[in-house]
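**Student:** Residue numbers (the numbering used here), protein chains in the order written: chain A, 1 to 293; chain B, 1 to 352; chain C, 1 to 257.
A couple of the hints might just be wrong.
As the list claims (entries may be wrong) - Between beta-carbon pairs, the in silico distance windows are:
| # | chain 1 | residue 1 | chain 2 | residue 2 | range |
| --- | --- | --- | --- | --- | --- |
| 1 | B | Leu308 | A | Tyr259 | 45 to 53 Å |
| 2 | C | Ala56 | B | Met116 | 49 to 57 Å |
| 3 | A | Met166 | B | Leu322 | 26 to 34 Å |
Stated by the list, open to error - To spell it out: a stretch of chain C is covered by chain B in this simulated footprint if at least three of its residues, at any positions, have a beta carbon under 8 Å from a beta carbon of chain B; those stretches are:
| # | segment |
| --- | --- |
| 4 | 82 to 93 |
| 5 | 118 to 129 |
| 6 | 164 to 176 |
| 7 | 225 to 231 |
As the list claims (entries may be wrong) - Cross-link-like lysine to aspartate or glutamate pairs, in silico, EDC-like; alpha carbons within 16 Å at most:
| # | chain 1 | residue 1 | chain 2 | residue 2 |
| --- | --- | --- | --- | --- |
| 8 | B | Lys112 | B | Asp41 |
| 9 | A | Lys118 | B | Glu313 |
| 10 | A | Lys119 | B | Asp314 |
| 11 | C | Lys110 | B | Asp167 |
| 12 | A | Lys118 | B | Asp314 |
| 13 | A | Lys118 | B | Glu316 |
Since the hints were derived computationally from the structure, they do not count as laboratory data.
Treat the numbers as computed from the prediction; the structure is a model and nothing was measured.
Even glycine gets a Cβ: it sits at the ideal position worked out from N, Cα and C.
Okay, here's what each chain looks like letter by letter:
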Amino acid sequence: MHAGSAILQLLVAGIGTGSIYALIALGFNVVFKSTGAMNFAQGEWVVMGGMISALLFASTHNIGLACIAAVVIVSVIGILSERLVVWPLRRPNALLITLVSIGLAICSRSLVMMILGKKPVGYPGFSEASTLFVGGIAIQTQTLWIVGLTLVFLLAMHLFFEHTIMGKALRAAAADRDAAAIVGVRVETTVMLSFAIAAFGGALAGALITPLTLSSYDQGALFGFKGFSAAMLGGIGSLPGAIVGGLALGLLEAFGSFYISSDFKDAIAFAVLLAILFARPAGLLGRADVVKV
Amino acid sequence: MTMAPAKAAPPPVSTSPSQIVGAPSATSPASHPVRRRGVSDRMRLLLLWLLMLLVPYVAPNSYVISLGNLFLINVILIASLNLLMGYGGQISLGHAGFFGFGAYVSGILDVKLGIMPWIGLPTAAVLTGLSALIIGIPALRLRGHYLSMATLGWNAILLVMFNRLIDLTGGPNGLLGVHPFSIGSLALDTDIRQFPLVWLVSLLVMIAILHLLQSRVGRALRAVATNEIGADAVGIDSFRTKLLFFVLTAGMAGIAGSLYVHVNQYASPETFGVNGSILLVVMVALGGSGTYWGPVIGALIYTAVPQLLLDYEDAELMLFGLGMLIVLIAVPSGLAGLPATLIGRRFGRRPS
Amino acid sequence: MSEALLKVDSLNCQFSGLRAVADLSFSVQPGAIKAVIGPNGAGKSTLFNMIAGVTAPTSGAIHFAGVRIDTLPTFRRAELGIARTFQNLQIFREMTVLENVMVGCHLHGKVGVVKALLRGRALRDEESAFRDTAFALLDRFNLAAKADVVAGDLSFGQMKVLELARALASRPRLLLLDEPAAGLPQAEAEHISQIIADLNRDGMTVLLVEHNMRMVMSLSHDILVLNNGQWIAEGTADHVRRHPDVLSAYLGETEHA
Numbered sequence: 001m002h003a004g005s006a007i008l009q010l011l012v013a014g015i016g017t018g019s020i021y022a023l024i025a026l027g028f029n030v031v032f033k034s035t036g037a038m039n040f041a042q043g044e045w046v047v048m049g050g051m052i053s054a055l056l057f058a059s060t061h062n063i064g065l066a067c068i069a070a071v072v073i074v075s076v077i078g079i080l081s082e083r084l085v086v087w088p089l090r091r092p093n094a095l096l097i098t099l100v101s102i103g104l105a106i107c108s109r110s111l112v113m114m115i116l117g118k119k120p121v122g123y124p125g126f127s128e129a130s131t132l133f134v135g136g137i138a139i140q141t142q143t144l145w146i147v148g149l150t151l152v153f154l155l156a157m158h159l160f161f162e163h164t165i166m167g168k169a170l171r172a173a174a175a176d177r178d179a180a181a182i183v184g185v186r187v188e189t190t191v192m193l194s195f196a197i198a199a200f201g202g203a204l205a206g207a208l209i210t211p212l213t214l215s216s217y218d219q220g221a222l223f224g225f226k227g228f229s230a231a232m233l234g235g236i237g238s239l240p241g242a243i244v245g246g247l248a249l250g251l252l253e254a255f256g257s258f259y260i261s262s263d264f265k266d267a268i269a270f271a272v273l274l275a276i277l278f279a280r281p282a283g284l285l286g287r288a289d290v291v292k293v
Numbered sequence: 001m002t003m004a005p006a007k008a009a010p011p012p013v014s015t016s017p018s019q020i021v022g023a024p025s026a027t028s029p030a031s032h033p034v035r036r037r038g039v040s041d042r043m044r045l046l047l048l049w050l051l052m053l054l055v056p057y058v059a060p061n062s063y064v065i066s067l068g069n070l071f072l073i074n075v076i077l078i079a080s081l082n083l084l085m086g087y088g089g090q091i092s093l094g095h096a097g098f099f100g101f102g103a104y105v106s107g108i109l110d111v112k113l114g115i116m117p118w119i120g121l122p123t124a125a126v127l128t129g130l131s132a133l134i135i136g137i138p139a140l141r142l143r144g145h146y147l148s149m150a151t152l153g154w155n156a157i158l159l160v161m162f163n164r165l166i167d168l169t170g171g172p173n174g175l176l177g178v179h180p181f182s183i184g185s186l187a188l189d190t191d192i193r194q195f196p197l198v199w200l201v202s203l204l205v206m207i208a209i210l211h212l213l214q215s216r217v218g219r220a221l222r223a224v225a226t227n228e229i230g231a232d233a234v235g236i237d238s239f240r241t242k243l244l245f246f247v248l249t250a251g252m253a254g255i256a257g258s259l260y261v262h263v264n265q266y267a268s269p270e271t272f273g274v275n276g277s278i279l280l281v282v283m284v285a286l287g288g289s290g291t292y293w294g295p296v297i298g299a300l301i302y303t304a305v306p307q308l309l310l311d312y313e314d315a316e317l318m319l320f321g322l323g324m325l326i327v328l329i330a331v332p333s334g335l336a337g338l339p340a341t342l343i344g345r346r347f348g349r350r351p352s
Numbered sequence: 001m002s003e004a005l006l007k008v009d010s011l012n013c014q015f016s017g018l019r020a021v022a023d024l025s026f027s028v029q030p031g032a033i034k035a036v037i038g039p040n041g042a043g044k045s046t047l048f049n050m051i052a053g054v055t056a057p058t059s060g061a062i063h064f065a066g067v068r069i070d071t072l073p074t075f076r077r078a079e080l081g082i083a084r085t086f087q088n089l090q091i092f093r094e095m096t097v098l099e100n101v102m103v104g105c106h107l108h109g110k111v112g113v114v115k116a117l118l119r120g121r122a123l124r125d126e127e128s129a130f131r132d133t134a135f136a137l138l139d140r141f142n143l144a145a146k147a148d149v150v151a152g153d154l155s156f157g158q159m160k161v162l163e164l165a166r167a168l169a170s171r172p173r174l175l176l177l178d179e180p181a182a183g184l185p186q187a188e189a190e191h192i193s194q195i196i197a198d199l200n201r202d203g204m205t206v207l208l209v210e211h212n213m214r215m216v217m218s219l220s221h222d223i224l225v226l227n228n229g230q231w232i233a234e235g236t237a238d239h240v241r242r243h244p245d246v247l248s249a250y251l252g253e254t255e256h257a
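Please work from the sequences and hints to get the whole structure.
**Tutor:** If you want it as structure tokens, here you go:
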């Protein structure tokens, strides 16, 4: 293959995977903003999104409907999860919520395994034609769907946070819990909302990626780590950071596995990630964590 | 403004600073009702470990003794993580990685270079500590989740290495042909022969942790975790303190790894993944983060619960997750604090 | 006159254009109690933070006992002999009262990891020395009975005293007190005031920032008045009280503008 087109091909692949990571990282960031916790259940919602879509597709044969319904269902699961395990905490703090989210992840994974089975599942891409040839490179149409819908979702999130009362309330609660409570923001509701958004983003990622990679119950942890890494890379808690971090990680993996070694793909990605973090501690876009006396 | 008359000029300086603190006053320390917890924790530790010496005698079969060995190795792992996380406030998501690093160092030295396990064990401890030093120097300068991220990344990198450096590690099939510890010509190759060694090392690690906690450096660590600004003000170098304990606890994980690999005479990558690290953090929390006895409970859960749940097959994971959630929601301070919480509630005192 | 213990030379601090402290020079003599006063926003806290090592000066120099300290991190300044208390309390709430003070002894210990692990004579001697020092201080401040209480359970006034005891445990040569009486009822403020006076009689050099004028005027040998980050007046209580610029600063007059 021509060197130039190889690079283009890798670029497309990297942006596709990177968009998925961005969606997961966004979920991670939203929950981090509202609770200060690392949400280990994030990856399980990705798996649920894919597997429930597959189940619904098997009975309806309508991909669009199946995926939309799955994303909605998983969002409801996100809300329920928050009500069941985070809300009952008497003295919630970041570490406790993080730990609880690990328990939530384990239960979610087990439920998925028991109800939806252990076998990997999948369904065809959203478009009839699976591959397009543009300028000498092959692009999977599903990759276009991934990038497009990720953009739509991120744009919607941007509008939500900047222009709706609820979005502003969520940001206010994230900036200063007590102050937000004083001016009448119900902090608990914002935590629930953040779980709903995170589950929505995760499920969307799962529904989008399944046609390319299949989904199985045990992939959640890996998705979670990748999302967490992307979030850290971009600057934890930042919306544009999730996009930049996700794309950077996706591209790193694509180019690393092609030019160096696909066996060591993860190691390369993490090594570069650590190097970037040590050089730019606040992430590519984040602001430094200034500690005041 | 109300203004009182001013004082005269400063008095001449003649007294040395030590006079300000003063010599021990009339009330000598001995007359104060100091709870010397150290002594009693030490006694309890010795008693508990003496009691555990009975395990080989009462165990119905060799399998139970092997679980005893595993439990004691887990005690080392979880107690060291608790020292870092519970007392030092630093969450490492790479403890299983350090455990694996120690296991592979010691195992590879043995299998590839023929170096005896007795030398492999301290080497594993030192090299694991060194690897923590390299990760810790950049990561611990920053606050927040950086140590978590860096250790998670390091663990992920290690796992790839364990899997892919096949010539060295045996890859996914695991490292085979590891020799047991041996004393002269007596190979410690059965569960019952290994037990005394694992028992002794775990006891030494528990004693080491107790001694550290009751010393100047241990107090400095707790001070840094509780209030870094305050610690800074009394002259504690918080970065060095955190780094010191990060390296020390990684070294302890390395010791656990070396024990593990020579006891099982085998190591395979999946034992040492990020999931393992996360579960270790969970065990610290379930047992009681920042309590001396919590890790013993955590190690008991970590060792026994999977065995107890074996019969439930698919539901195993679910029961485990549910149990964990219930403990975290009902007793957030961990099971070691449960008696105190119950007593406190009964007498209407708030648990501290 | 003997050499100054603390010497501040043309110190400046700017926060995005705003001059919090402007070209300030002064010194603290050994054995003195020096107070820094001024209306809100005068730059007292910024000055204090620059001496303690929390805020970096934009320019200028700070010398302590002949050593330039303005670029050193806080813990290095503590090593040189500067101890401080905090306006908003930075005690170790989850540790006991005794442990809080023992942490204050940190700089005077030598037992490292190896000696601690072996738990030999060195560790036991050091622990008992720390304990003695801590109890001596707690006795002096009437906190000995609370030695085993978790510090977070103390009353606000007791916490302030505890923080002072912790600072003294490091046997400092200069004690920085950030509003030691803030938030305390009169009786407790007087208690603190008495402690400071006693310490000073034993030779302790003190630099304090305080709003309680009665306390400042009765305690201090030397008062520095700041307004808008600038030096206005310096001298004895009588001198400062009579100084016209001081009065106008407090009354908010801006004739000289």
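**Student:** Take the hints in turn and mark each one as holding or not.
**Tutor:** Hint check results:
1. In this structure, leucine 308 of chain B and tyrosine 259 of chain A meet the distance hint of 45 to 53 Å, their C-beta atoms being roughly 49 Å apart.
2. The beta-carbon spacing between alanine 56 of chain C and methionine 116 of chain B, approximately 54 Å, falls within the hinted interval of 49 to 57 Å.
3. Between methionine 166 of chain A and leucine 322 of chain B the beta carbon distance is about 32 Å. The supplied range of 26 to 34 Å therefore holds.
4. With a threshold of 8 Å between beta carbons, the proposed coverage of the segment 82 to 93 of chain C by chain B holds, since 7 of its residues qualify and at least three are required.
5. Only residues whose beta carbon comes within less than 8 Å of a beta carbon in chain B count, and the segment 118 to 129 of chain C has 6; three or more means the coverage holds.
6. By the rule of at least three residues with a Cβ nearer than 8 Å to a Cβ of chain B, the coverage given for the segment 164 to 176 of chain C holds, with 8 such residues.
7. Residues of the segment 225 to 231 of chain C lying with their CB closer than 8 Å to a CB of chain B number 0, which falls below the three-residue condition for coverage.
8. As the CA atoms of lysine 112 of chain B and aspartate 41 of chain B are separated by approximately 42 Å, the hinted pair breaks the 16 Å bound.
9. As the CA atoms of lysine 118 of chain A and glutamate 313 of chain B are separated by approximately 13 Å, the hinted pair is consistent with the 16 Å bound.
10. With a C-alpha separation of about 14 Å, the suggested pairing of lysine 119 of chain A with aspartate 314 of chain B holds against the 16 Å cut-off.
11. Distance hint between lysine 110 of chain C and aspartate 167 of chain B is unfulfilled; the C-alpha atoms sit about 47 Å from each other, more than 16 Å.
12. Simply put, lysine 118 of chain A and aspartate 314 of chain B have alpha-carbon atoms about 10 Å apart, close enough for the 16 Å limit, and the pair holds.
13. Under the criterion of a C-alpha separation no larger than 16 Å, the hint pairing lysine 118 of chain A with glutamate 316 of chain B is consistent with the structure, at around 14 Å.
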